[in-house]
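Student: Listed below are the residues making up each chain.
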Amino acid sequence: MFSRLILFACGAAAMFAAQPSQKIFPYAYTQEDLPNGLRIVTVPTDYPNVVALYIVVQTGSRNEIESGHTGFAHLFEHLMFKGTAKYSQDQYNHLIKKMGAESNAFTTDDYTCYQTVFSKEDLPTVLAMEADRFQNLKYPESEFKTETLAVFGEFNKNSSNPFVKMDEVMRDTAYTTHTYKHPTMGFLKDVQAMPQLYDYSLQFFNHYYRPEYTTIVLAGDVKSKTAHDMIVKNWGAWKRGDYKPEIPMEPPQGEAKTNDIAWPDQTLPLIAIAFKGPAYTDSAKDTAALDALSYLAFSETSELYQKLILQEQKADVLFASAPRQVDAGLFEVAARVKKMDDVPYVRDQILETIHNFQEKPVDEKRLDAVRQHIRYQLALSMDNSETIAQIVAEFVALRRTPDTLNKLFDVYSHLTPKDVQDAAAKFLTGNARTIVTLEHKEDAK
Amino acid sequence: MKTAYALLTAFIAIVLPAGAQMRVMAEPNHSPLVTFRIVFTVGAAADTPSKPGLAYLTAAMIANSGSKSLTYQQIEDAMFPLAADFSSQVDKEMTTFYGTTHVDHLDEYYKLIHGMLLDPGWREDDFKRVKDDCIHSIQSGLRNNDEELAKEVLYSDIYQGMPYAHYNGGTVSGLESITLDDVRGFYGSRYTQGVLILGLSGGFTPAFLEKVKADMRKLPPSIGMHTRHPEPGLIHGNRAIIVEKDTRATAISFGFPISCTRQNPDWPALLVASSYLGQHRMAGGVLYDEMREKRGLNYGDYSYIEYFPQGMYRMAAEQNLARRYQIFQIWIRPVHPENAKFALRLALYELDQLIKNGISEENFQMSRDFVSKYSALQLRTQSAQLGFAVDSLFYDSPAFIDALRAKLSKLTAAEVTRVARRYLRTKDLSIAIVANHAEDLRQQLASDDPSPMEYNTPKSQAILDVDKVVQKWPLDLKADSIQIVPAAQIFQ
Numbered sequence: 075m076f077s078r079l080i081l082f083a084c085g086a087a088a089m090f091a092a093q094p095s096q097k098i099f100p101y102a103y104t105q106e107d108l109p110n111g112l113r114i115v116t117v118p119t120d121y122p123n124v125v126a127l128y129i130v131v132q133t134g135s136r137n138e139i140e141s142g143h144t145g146f147a148h149l150f151e152h153l154m155f156k157g158t159a160k161y162s163q164d165q166y167n168h169l170i171k172k173m174g175a176e177s178n179a180f181t182t183d184d185y186t187c188y189q190t191v192f193s194k195e196d197l198p199t200v201l202a203m204e205a206d207r208f209q210n211l212k213y214p215e216s217e218f219k220t221e222t223l224a225v226f227g228e229f230n231k232n233s234s235n236p237f238v239k240m241d242e243v244m245r246d247t248a249y250t251t252h253t254y255k256h257p258t259m260g261f262l263k264d265v266q267a268m269p270q271l272y273d274y275s276l277q278f279f280n281h282y283y284r285p286e287y288t289t290i291v292l293a294g295d296v297k298s299k300t301a302h303d304m305i306v307k308n309w310g311a312w313k314r315g316d317y318k319p320e321i322p323m324e325p326p327q328g329e330a331k332t333n334d335i336a337w338p339d340q341t342l343p344l345i346a347i348a349f350k351g352p353a354y355t356d357s358a359k360d361t362a363a364l365d366a367l368s369y370l371a372f373s374e375t376s377e378l379y380q381k382l383i384l385q386e387q388k389a390d391v392l393f394a395s396a397p398r399q400v401d402a403g404l405f406e407v408a409a410r411v412k413k414m415d416d417v418p419y420v421r422d423q424i425l426e427t428i429h430n431f432q433e434k435p436v437d438e439k440r441l442d443a444v445r446q447h448i449r450y451q452l453a454l455s456m457d458n459s460e461t462i463a464q465i466v467a468e469f470v471a472l473r474r475t476p477d478t479l480n481k482l483f484d485v486y487s488h489l490t491p492k493d494v495q496d497a498a499a500k501f502l503t504g505n506a507r508t509i510v511t512l513e514h515k516e517d518a519k
Numbered sequence: 004m005k006t007a008y009a010l011l012t013a014f015i016a017i018v019l020p021a022g023a024q025m026r027v028m029a030e031p032n033h034s035p036l037v038t039f040r041i042v043f044t045v046g047a048a049a050d051t052p053s054k055p056g057l058a059y060l061t062a063a064m065i066a067n068s069g070s071k072s073l074t075y076q077q078i079e080d081a082m083f084p085l086a087a088d089f090s091s092q093v094d095k096e097m098t099t100f101y102g103t104t105h106v107d108h109l110d111e112y113y114k115l116i117h118g119m120l121l122d123p124g125w126r127e128d129d130f131k132r133v134k135d136d137c138i139h140s141i142q143s144g145l146r147n148n149d150e151e152l153a154k155e156v157l158y159s160d161i162y163q164g165m166p167y168a169h170y171n172g173g174t175v176s177g178l179e180s181i182t183l184d185d186v187r188g189f190y191g192s193r194y195t196q197g198v199l200i201l202g203l204s205g206g207f208t209p210a211f212l213e214k215v216k217a218d219m220r221k222l223p224p225s226i227g228m229h230t231r232h233p234e235p236g237l238i239h240g241n242r243a244i245i246v247e248k249d250t251r252a253t254a255i256s257f258g259f260p261i262s263c264t265r266q267n268p269d270w271p272a273l274l275v276a277s278s279y280l281g282q283h284r285m286a287g288g289v290l291y292d293e294m295r296e297k298r299g300l301n302y303g304d305y306s307y308i309e310y311f312p313q314g315m316y317r318m319a320a321e322q323n324l325a326r327r328y329q330i331f332q333i334w335i336r337p338v339h340p341e342n343a344k345f346a347l348r349l350a351l352y353e354l355d356q357l358i359k360n361g362i363s364e365e366n367f368q369m370s371r372d373f374v375s376k377y378s379a380l381q382l383r384t385q386s387a388q389l390g391f392a393v394d395s396l397f398y399d400s401p402a403f404i405d406a407l408r409a410k411l412s413k414l415t416a417a418e419v420t421r422v423a424r425r426y427l428r429t430k431d432l433s434i435a436i437v438a439n440h441a442e443d444l445r446q447q448l449a450s451d452d453p454s455p456m457e458y459n460t461p462k463s464q465a466i467l468d469v470d471k472v473v474q475k476w477p478l479d480l481k482a483d484s485i486q487i488v489p490a491a492q493i494f495q
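Chains A and U, in that order, give the protein sequences. To convert, count from 1 in the first sequence and add 74; that's the numbering used here. To convert, count from 1 in the second sequence and add 3; that's the numbering used here.
I should point out that these hints are in silico values taken from the structure, not numbers from a laboratory. Some hints here could point you the wrong way.
Said to hold, decoys possible - PhoX-like, lysine-lysine: derived pairs with alpha carbons at most 25 angstroms apart: (1) A:Lys413 / U:Lys134; (2) U:Lys297 / A:Lys156; (3) U:Lys376 / A:Lys172; (4) U:Lys114 / A:Lys172; (5) A:Lys439 / U:Lys114; (6) A:Lys212 / U:Lys462; (7) U:Lys131 / A:Lys194; (8) U:Lys471 / U:Lys481; (9) U:Lys71 / A:Lys381; (10) U:Lys216 / U:Lys297; (11) A:Lys381 / U:Lys134; (12) U:Lys410 / A:Lys194; (13) U:Lys134 / A:Lys388; (14) A:Lys434 / A:Lys381.
As the structure is a computational prediction, the values presented were derived from the model and not from experiment.
Take the sequences, apply the hints, and build the full model.
Tutor: Dropping the structure here:
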């Protein structure tokens, strides 16, 4: 089995070399597939003692295809801490405590990730515990029902944030069919209905918590061979599944959409303008080009930021995010505006900026600055094993390999001003646009 | 690559000759990154009383404005390709400017931050923007974050009558009254060599360090004695503030000031007691188990013996929040309004159980082992290592994590119990709540009526037996000791 292990390596020095095609991920890593479909990625780093284990399950709110079941991938993230016959929840928590480890998890549109950070001597115990819960999770209906209340509590603690509300309404307005229509937390009515869905939860586990959906990422003070032997021992018998969800395709939008939110508490008004973007790609230039555009048009060095935030001071927040998701996500620009009367002006300024990028290619030097920013941002963040595991996990969630990162940044290296212009013209069109505003109103409910 | 982690123990404190009192925490290593933590041991406690927010606005102005030679726009343009920034943080007794750059850009980066910190531009348009940002961070930011709002209200309330008694970010009216001359005055009189700790870590040369030190000596010398703030006053009886707003759930934090800081020999034992009650955002604490796991009351419940802002965003505390007077706090994450009284009672009951019964040998060993190993994990980044080292200077506790682990290895369960009984209590509390229908809640809290729980699933007899006690647990709150403040007026 080990003979099929592939070794990927590149020197750290390559990271900042002038040649555009060299790899950006500076660590040598190993990647292998067990016969059951489980993938293992091991990234030995220079940081002593600490090991970060990130287990990526390619199941997120995108997989919630049945009506009335939104939020279930996230609920399942909670249920994974409910214990097994071998390690009860209490025993699991006690062992984590005894190790002085950090254990947590998070869920996104596209994946669920289980993180444990610990000292290297605890690797055998952690891998055995994790293997057990991924294969033998067991929880009674009473514990399931109680956990749904903790999830409701999480929903409630997020609900006081107007940006969370903006995200929920934007998705619901922009999409008609695809599961990106709902937030990862789920719709309120579905979260409230969760306690009745115990049987569905068992089915969810049976469908998605399978080796072919799962990649184990280990980064830190760890040796690939050691990790391999322990994983084969603990995870080798895990049975492959056969479930493949049919994620509904989103039809072309066809017309511009708008929505307005009345917010009961004091806040400056918010505006978000979103466009249907591409699904993640590193074989075409769409993803990289839109990401570059988000920096060029809306980052702190953009003309619009300098105008709206620094000179005119009409807004105090401006940012854009480009999609990097399995299916077609949203390219979104958001601003917090100081006066309600200026919201139309800020909206028009954002739209005019997009129009200008569609009409005229950007200066090559500015594109170079974006490339340099992205490279150094990555270098500055990779100063510990946990962040390295986190970055690898994000790209593993898309294509199951850290080389995804290299491929995307290779596309960046070859990006031209015309690519950015073309992406703006292709995706940021009126018929793919949704605008949502949020305004404080005393009597809002 | 030899890492900063491995060289942590090589941290050195250099005390400059008499007359130049700047302290230097320099840790050269072979990392490709260089981290700055430039800390002035002066903060919000030094605000002019009529202008709360002065220290915060001054620091924000330095970190978000132009220098004499460059506009802020030019600085942003120069920082962008480096992916670097220069940020500020203000607590009661510390103002920190921090940033990390790749060593490739060290000279370029340092030139920028040198100008920002030592030669500020003081432009009116920068001032207007930064002041607006500070005001909006209260009006639109904090007031729309129920958990952080409840915690900040608690942090202010427990220090009534001393200079810690206001939000570090100030008040809306205080910020509105601050002029650019006020900010320049605070900078000129408070950012002095005598209160400066220069923290530098990473791949820099000795010559670079000497240059930075020489530059920092251009700051004015400290004049006069450093203020020693009075101790926090006593809280007499339980009191509560309900911040009223239109919100789905009820966020609760409660606590009181404690005199035990990292300098105190009792601190390791108190840390173990607090971790046993509830380690920040981790499963396995008593509060988490009893409130969330067994009863589904909310998303989590934790205990603290130090100021811990931004807890909903951070897994570990930020460094350089060192202060002479600390806080004991229990954070109850938002609960359904109908369960608020029970949740508060249950948290007090569990705190009381620890004080009355002490910690068992088994729980002691588990919590002690956790704290010991987890404390080492806190040193994951170069910036965190440098932050801890700077705090060690403040608390005069060299090699803090190593010393902590050595003390933990000698600790006993009896010692943890003794320390918990000495510093913790279930009376004379300040309680901060963010909720809707505040008057109804006030009436509930002031009444001795039981607050039974209704569950969506049968519970064990053990849980129900505890509930019978908890639902009648005395809160000792009188209606006139419960203040209601509309959210729009909080920190106004």
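Student: All hints, please: hold or fail.
Tutor: Taking the hints in turn, this is what the structure says about them:
Using a Cα cut-off of 25 angstroms, the hinted pair Lys413 of chain A and Lys134 of chain U holds, with the two alpha carbons roughly 16 angstroms apart. Between Lys297 of chain U and Lys156 of chain A the alpha-carbon distance is near 11 angstroms, which keeps this suggested pair within the 25 angstroms criterion. A distance of roughly 8 angstroms separates the Cα atoms of Lys376 of chain U and Lys172 of chain A; the hinted pair therefore holds under the 25 angstroms criterion. Between Lys114 of chain U and Lys172 of chain A, the direct Cα distance comes to roughly 47 angstroms. Violation of the 25 angstroms bound is thereby established for this hinted pair.
For the given pair, Lys439 of chain A sits about 22 angstroms from Lys114 of chain U by alpha-carbon distance, which is consistent with the 25 angstroms threshold. Pair hint Lys212 of chain A plus Lys462 of chain U holds up; C-alpha atoms about 18 angstroms apart against a cutoff of 25 angstroms. This hinted pair does not check out: Lys131 of chain U and Lys194 of chain A have alpha carbons roughly 51 angstroms apart, beyond 25 angstroms. A hinted pair counts as satisfied when its Cα atoms are at most 25 angstroms apart, and Lys471 of chain U with Lys481 of chain U qualifies at roughly 23 angstroms.
A threshold of 25 angstroms between alpha carbons decides the hint, and for Lys71 of chain U with Lys381 of chain A the separation of about 21 angstroms falls inside it, so the pair holds. At most 25 angstroms may separate the alpha-carbon atoms for a hinted pair to count; Lys216 of chain U and Lys297 of chain U exceed this at roughly 56 angstroms. Restraint check for Lys381 of chain A and Lys134 of chain U: satisfied, since their Cα atoms lie roughly 18 angstroms apart, inside the 25 angstroms limit. Of the pairs offered as hints, the one joining Lys410 of chain U and Lys194 of chain A holds, with about 23 angstroms between alpha carbons and a cut-off of 25 angstroms not exceeded.
Distance restraint check for Lys134 of chain U and Lys388 of chain A: the Cα-Cα separation of roughly 14 angstroms lies within the 25 angstroms cut-off, and the hinted pair is therefore satisfied. For the hint linking Lys434 of chain A to Lys381 of chain A, the alpha-carbon distance of about 19 angstroms falls within 25 angstroms, and the restraint holds.
When held up to the earlier numbered hints, the structure conflicts with 4, 7, 10 and fits the remainder.
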